[in-house]
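Assemble chain B onto chain A, guided by the hints.
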Amino acid sequence: MASSSSSSPATGSNSVISSATTLADSLFQRSLDDLIKSLRSDPASEPSAISRAIAEIRREIRSPEPLTKSIALQKLTYLSSLHFISMAWASFHTLELLPSPIPHIKRLAYLSASLSFHPSTTDLLPLSTHQLHKDLTSLSSNSSTSPSLPSLPLHFLSVSSSPDLALHLAPDLAPLLSRPSPLQPKAVASAYRVLSFCPTTVPILFKPLVDCLSSENPQTVSAAIGAFCELSSPPNDPTPYLPLAPEIHKILTNSKSNWILIKTLKIFSRLVPLEPRLGNRIVDPICQFLRQSQAKSLVLECVKTVLSCFPSHEEAVQLAIEKIKELLNSDDDPNLRYLGLQTLEMLGPNHNYAIESNREIVARSLTDPDRTIRKKALQLIVKTTSQSNSIETFSLLVKEAAKSDLEFANEILDSVLSVCGKDDYALVMDFDWYISLLGEMARVPNSTKGEEIGRQMIDIGIRVRDARQELIRVSRELLIDPSLYGNPFLACVLSACAWICGEFVEFLKDFVELLEALLQPRVNLLPSSVRVVFIQSIIKVLIFSFYSFVEGKISIDSVLRMVNLIEITLGPLVECDDVAVLERIRNLFGVIYLLRDIKDYKKDEEKDREIGEIANILKKILFSEKMGPVSINAQKRIPVPDGLELKENLADLAEFITSTSTGTDIFLNPKRENENENLREEMRIETKSSSILLEHRKRHGLYYLPTEKDEKEAELTEDFPLVKDDLITVNNEESSRRLKVLKPRPTVVKLEEETEDLLQASSSVSVVKTDNISGAIMSVLSGNKNESENRELNSSQERGKEREKNTDRERKKGSKKNEERRRKSRNRKEKEASVVSSASKQEPAIQDFLL
Amino acid sequence: MIKAVMIISTQGQARLLKFYEFQPPEKQQEIVRNVYGALSGRPENVSSFVDAESIFGQGTRLVYKQMATLYFVFAFDNSENELAMLDLIQVFVETLDKCFKNVCELDVIFNFNKLHTILDEMILGGQVIDTNSEQIIQQVDEITRIEKSSSTTSLVPKSISARFGR
Numbered sequence: 001m002a003s004s005s006s007s008s009p010a011t012g013s014n015s016v017i018s019s020a021t022t023l024a025d026s027l028f029q030r031s032l033d034d035l036i037k038s039l040r041s042d043p044a045s046e047p048s049a050i051s052r053a054i055a056e057i058r059r060e061i062r063s064p065e066p067l068t069k070s071i072a073l074q075k076l077t078y079l080s081s082l083h084f085i086s087m088a089w090a091s092f093h094t095l096e097l098l099p100s101p102i103p104h105i106k107r108l109a110y111l112s113a114s115l116s117f118h119p120s121t122t123d124l125l126p127l128s129t130h131q132l133h134k135d136l137t138s139l140s141s142n143s144s145t146s147p148s149l150p151s152l153p154l155h156f157l158s159v160s161s162s163p164d165l166a167l168h169l170a171p172d173l174a175p176l177l178s179r180p181s182p183l184q185p186k187a188v189a190s191a192y193r194v195l196s197f198c199p200t201t202v203p204i205l206f207k208p209l210v211d212c213l214s215s216e217n218p219q220t221v222s223a224a225i226g227a228f229c230e231l232s233s234p235p236n237d238p239t240p241y242l243p244l245a246p247e248i249h250k251i252l253t254n255s256k257s258n259w260i261l262i263k264t265l266k267i268f269s270r271l272v273p274l275e276p277r278l279g280n281r282i283v284d285p286i287c288q289f290l291r292q293s294q295a296k297s298l299v300l301e302c303v304k305t306v307l308s309c310f311p312s313h314e315e316a317v318q319l320a321i322e323k324i325k326e327l328l329n330s331d332d333d334p335n336l337r338y339l340g341l342q343t344l345e346m347l348g349p350n351h352n353y354a355i356e357s358n359r360e361i362v363a364r365s366l367t368d369p370d371r372t373i374r375k376k377a378l379q380l381i382v383k384t385t386s387q388s389n390s391i392e393t394f395s396l397l398v399k400e401a402a403k404s405d406l407e408f409a410n411e412i413l414d415s416v417l418s419v420c421g422k423d424d425y426a427l428v429m430d431f432d433w434y435i436s437l438l439g440e441m442a443r444v445p446n447s448t449k450g451e452e453i454g455r456q457m458i459d460i461g462i463r464v465r466d467a468r469q470e471l472i473r474v475s476r477e478l479l480i481d482p483s484l485y486g487n488p489f490l491a492c493v494l495s496a497c498a499w500i501c502g503e504f505v506e507f508l509k510d511f512v513e514l515l516e517a518l519l520q521p522r523v524n525l526l527p528s529s530v531r532v533v534f535i536q537s538i539i540k541v542l543i544f545s546f547y548s549f550v551e552g553k554i555s556i557d558s559v560l561r562m563v564n565l566i567e568i569t570l571g572p573l574v575e576c577d578d579v580a581v582l583e584r585i586r587n588l589f590g591v592i593y594l595l596r597d598i599k600d601y602k603k604d605e606e607k608d609r610e611i612g613e614i615a616n617i618l619k620k621i622l623f624s625e626k627m628g629p630v631s632i633n634a635q636k637r638i639p640v641p642d643g644l645e646l647k648e649n650l651a652d653l654a655e656f657i658t659s660t661s662t663g664t665d666i667f668l669n670p671k672r673e674n675e676n677e678n679l680r681e682e683m684r685i686e687t688k689s690s691s692i693l694l695e696h697r698k699r700h701g702l703y704y705l706p707t708e709k710d711e712k713e714a715e716l717t718e719d720f721p722l723v724k725d726d727l728i729t730v731n732n733e734e735s736s737r738r739l740k741v742l743k744p745r746p747t748v749v750k751l752e753e754e755t756e757d758l759l760q761a762s763s764s765v766s767v768v769k770t771d772n773i774s775g776a777i778m779s780v781l782s783g784n785k786n787e788s789e790n791r792e793l794n795s796s797q798e799r800g801k802e803r804e805k806n807t808d809r810e811r812k813k814g815s816k817k818n819e820e821r822r823r824k825s826r827n828r829k830e831k832e833a834s835v836v837s838s839a840s841k842q843e844p845a846i847q848d849f850l851l
Numbered sequence: 001m002i003k004a005v006m007i008i009s010t011q012g013q014a015r016l017l018k019f020y021e022f023q024p025p026e027k028q029q030e031i032v033r034n035v036y037g038a039l040s041g042r043p044e045n046v047s048s049f050v051d052a053e054s055i056f057g058q059g060t061r062l063v064y065k066q067m068a069t070l071y072f073v074f075a076f077d078n079s080e081n082e083l084a085m086l087d088l089i090q091v092f093v094e095t096l097d098k099c100f101k102n103v104c105e106l107d108v109i110f111n112f113n114k115l116h117t118i119l120d121e122m123i124l125g126g127q128v129i130d131t132n133s134e135q136i137i138q139q140v141d142e143i144t145r146i147e148k149s150s151s152t153t154s155l156v157p158k159s160i161s162a163r164f165g166r
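As given, the protein sequences belong to chains A and B, one line each in that order.
Residues 1 to 851 in the numbering used here are what the first sequence spells out, letter by letter.
Residues 1 to 166 in the numbering used here are what the second sequence spells out, letter by letter.
One thing to keep in mind: the hints can contain errors.
[Stated by the list, open to error] Simulated restraints on C-beta separations:
1) Gln294/A to Lys98/B: 24 to 34 angstroms
2) Asp164/A to Thr10/B: 40 to 50 angstroms
3) Glu134/B to Glu275/A: 37 to 47 angstroms
4) Gln135/B to Ala426/A: 56 to 66 angstroms
5) Thr10/B to Ala426/A: 41 to 51 angstroms
[Stated by the list, open to error] Subject to a maximum C-alpha distance of 27 angstroms in a straight line, what follows is the list of computed DSSO-like cross-link-like pairs (lysine-lysine):
6) Lys101/B to Lys37/A
7) Lys325/A to Lys250/A
8) Lys325/A to Lys65/B
9) Lys134/A to Lys148/B
10) Lys18/B to Lys134/A
11) Lys114/B to Lys134/A
12) Lys399/A to Lys323/A
13) Lys375/A to Lys65/B
14) Lys37/A to Lys98/B
15) Lys114/B to Lys65/B
16) Lys375/A to Lys403/A
These are computed hints drawn from the structure, not numbers from a lab.
Owing to the predicted nature of the structure, the values given are computational and were not obtained by experimental measurement.
We treat Cβ as the ideally placed atom computed from N, Cα and C, and that holds for glycine.
Next up, chain B with everything else stripped away, as it sits in the complex:
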């Protein structure tokens, strides 16, 4: 199974964290620190696999891809194929790309909920549900549409920024 999906900035800040085995907040912080430590020391053009036994337990590995200023990290165990996981990261990034039109770090920062929605269409409980980015986008769009249409948000938004159009 996939143990966790993480997006960490190259400065070490977490941008998206999803653990498929529950971890309390302190443990999560420790994990992020360890993963960042393991990844930040790696030079360019090396393999995308890192052993993660000390972080997630026996037999687990990390596969990561660095895109601009973000590390996309998937932690998995022996029930997953390494190259398939590498493909999955690719699918995830492509999906984000299609959703946000040339995604950058700011998109990831300011779209916390949407990111979770997209990830939830892809992976549930550590199992991969869908690997087709088109289909995932379709589902996410459907959800957004339903939520917008039946939203009872008042015509005058509550937040300052929305109200004064900042």
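The following block holds chain A by itself, in its conformation from the complex:
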């Protein structure tokens, strides 16, 4: 074999290939097919084969001969597209081949350009302008060239162009739009992309685009409708396209092509919310389609339009519901079932009966092997639960979660938890049932929602007094079960259970059993933050049991047994590593020491009194005030004492620290967005800075805002204001009306502003993007007459600006307000004038149409 480059040695030894051109190499060249074959022959050595090919290509592409160059470019395009090799370095070669008179080579070059050129990858884009211009106008100049030639630059323009390029070539695009030819639909599709890249081309391209709507060629109409559909879709503003409504309506009533009809419906679904009278004109055609059309895609689109635009038009909605039923009942086609579920979701609350009647199918879809359908079914079920059927629904869902795989189980749990927890548990009537459901959810295998479950348990414990009994029962069960301790996701749940048992210990029946559970050896598997909670709970249980003993409610034996158990289990841990655990164990032993004389109780009067007093005091400390929910605005409600200045920016505190530090810089960045980066930085200068910070905090504690822990501790003292009574809402009347619920719904402590503020904080008003296009289009549509008005307005604005400059100078002398008022009123008048004039232009067109 003469040439070494044609064979593909399995060893891929690069030494065989030198960068110098051999005679053989210049005679032979691998074609694309050869390249593909070589890549396929040995998958293992693919990377080396590719790099060899690239080296080859680099050599070949520099050849002056266009054929060699083009084949090299072809190979490179293939590698770039399917093997993700960057080909930005070859842009110049691509440009060189663009003007080639040989159609085959030209096509290769354009393909390569469309796939790889973009303002972000190459700076050579402007160099293509001239060639693109020539090719776009080739139809008019040279009739011997292929009529499909200009389609090549059209493809290029639609993906790869930059705003500048678009601006330069728009004038060439315009004649293609207005001349009927097989190229027209492609020109239309390209034009809309050019418009969106570069809104300044609107004056040139928009009118021809609109004219295409009334073209004879159905393909052109289809492309034009598609273009307007894209232009009016979110996040763009659909308002400028309202004047086109009459045209589009004509198309709706006359066209036979389903494709076109679907697009018209989509456009209308965006225009109708802006102009409700439009709705009246299109309801009838839509109902007709719903009744007669055989095309499922059209029917689907009609259903969607009806449900989103005419939720109150009974007839249309009924038809739509019928069609949805049909879709849902197609057992053999999962696509139709999925689409049925999707459209069912669009039904508003007025038509929940429709969802009810299809409930069986929806429930069955929950167990469908298709993940997409399952997710949809879940969303649907969650959306339509109300207070009456919440119990069965959620029990069903949790049972389903226990049977499902990891991802879906967590999705189910997530949605159940969020729906039930919303609005302070608005959907939950029976808290006892809900708490046992929470317990079940904790037991679902693969569940990762431990944190949320724990949080909700504690939340309910704080807010709902009547539910505490049930909470204790469930918590006790969960704590006693040793199998749950090994599961890292359940640590939060166990922590919550332990806290609940400690806090509401008065509901417990058997202290010894609980203590045994809290002391079991498997507790050591839990993270230390959880163990800390456990030990704190043990302290509480112990104190309460002492107190109960003093009151005569339990026997001395149980108390002694508890003390014994604690000493045996926790004694060795007194030397453990973790400081938090250590501290609490010592506290616990301190309490035990205080009451060491308890076994001598009832023997000596004086000692009895002492012991009784101690037990009393201990109980008061821990159990006197129950914790309640704290409003988010509580901090704000504390009046700032006189003389205290609260600063937002704590950056100057850094000075305090650096003056005492040994040279390490700490960046106190008060902005919240940089918190994460800040944390990382702090981690890096960890030990030194944290100790300095602690030091500083001790000295200048007043400047620091209290953290969450401080708030809770402060609450236990008298300084913190108590929750006001007028904020608690009572929900009893509603529940007593229901015959099913045996007992009235317990009161849930709500703090009104909480929900409001949270909503404000989290809601983001979806603002329609005010882009340049809508402004430009508005001005084009308002016609020529307005141009003169605009010119007047512009000049008056200029005069106004001059006047403003004068008034600025005058302002320094005084009379500020008058000038501003005059300026504002002038601006307002100008704006009103322009709006009125443009609106008045549009209004007649639409008014005629709508009446």
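The following block gives chain B in isolation, referenced to the frame of chain A:
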């Protein structure tokens, strides 16, 4: 609009990629991997729609059809009708069938340029131009004819395989 047209083999290799919103090569690779991941786990007889929000952005979906060893995937957003897209895949595959006479994966592998030509007659800039497979074939044939007739390829082909008639 149609965001992308992809043909991916059941082994995860890309056979045809066309993105109607420019993506740099690394991003393209990531997209192909994600799409393949989403599709490979799906059993038989399930719906052809997959949510693609994490791959292409908000509101986008994939519709796919598995034919033998290839996945034909179209990614689209809310401006397209789902069932219409399903039809479009059908049209595309039929067109390929007519063009290559019982198309198989090898045809797709070795006809990179022709595939792009066919796709370009169907979709431009994310908008559908033509849904009639006959017409598309006609156009493609016309193009091929013109290119063959005015081609100045030398009588002796340059590539080894063509020269030695392998």
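These are the hints, each one checked on the structure:
1. As the Cβ distance of Gln294/A to Lys98/B is approximately 25 angstroms, the hint placing it in 24 to 34 angstroms holds.
2. The hinted range of 40 to 50 angstroms is satisfied by Asp164/A and Thr10/B, whose Cβ atoms lie roughly 43 angstroms apart.
3. In this structure, Glu134/B and Glu275/A meet the distance hint of 37 to 47 angstroms, their C-beta atoms being roughly 41 angstroms apart.
4. The hinted range of 56 to 66 angstroms is satisfied by Gln135/B and Ala426/A, whose Cβ atoms lie roughly 58 angstroms apart.
5. Range check, Thr10/B to Ala426/A: about 48 angstroms between beta-carbon atoms, so the 41 to 51 angstroms window is met.
6. Using a Cα cut-off of 27 angstroms, the hinted pair Lys101/B and Lys37/A holds, with the two alpha carbons roughly 22 angstroms apart.
7. Between Lys325/A and Lys250/A the alpha-carbon distance is near 31 angstroms, which puts this suggested pair outside the 27 angstroms criterion.
8. Distance check on the hinted pair: Lys325/A and Lys65/B sit about 26 angstroms apart at the alpha-carbon level, within 27 angstroms; holds.
9. For a cut-off of 27 angstroms, the pair hint linking Lys134/A to Lys148/B stands: about 23 angstroms separates their Cα positions.
10. Taking the CA atoms of Lys18/B and Lys134/A, the gap is near 26 angstroms; set against the 27 angstroms cutoff, the hint holds.
11. As the CA atoms of Lys114/B and Lys134/A are separated by approximately 25 angstroms, the hinted pair is consistent with the 27 angstroms bound.
12. Among the hinted pairs, Lys399/A with Lys323/A is inconsistent with the structure: their alpha-carbon atoms are about 32 angstroms apart, more than 27 angstroms.
13. This hinted pair checks out: Lys375/A and Lys65/B have alpha carbons roughly 21 angstroms apart, not beyond 27 angstroms.
14. Our distance criterion of 27 angstroms between C-alpha atoms is met by Lys37/A and Lys98/B, whose separation comes to about 25 angstroms.
15. As the CA atoms of Lys114/B and Lys65/B are separated by approximately 21 angstroms, the hinted pair is consistent with the 27 angstroms bound.
16. Our distance criterion of 27 angstroms between C-alpha atoms is met by Lys375/A and Lys403/A, whose separation comes to about 15 angstroms.
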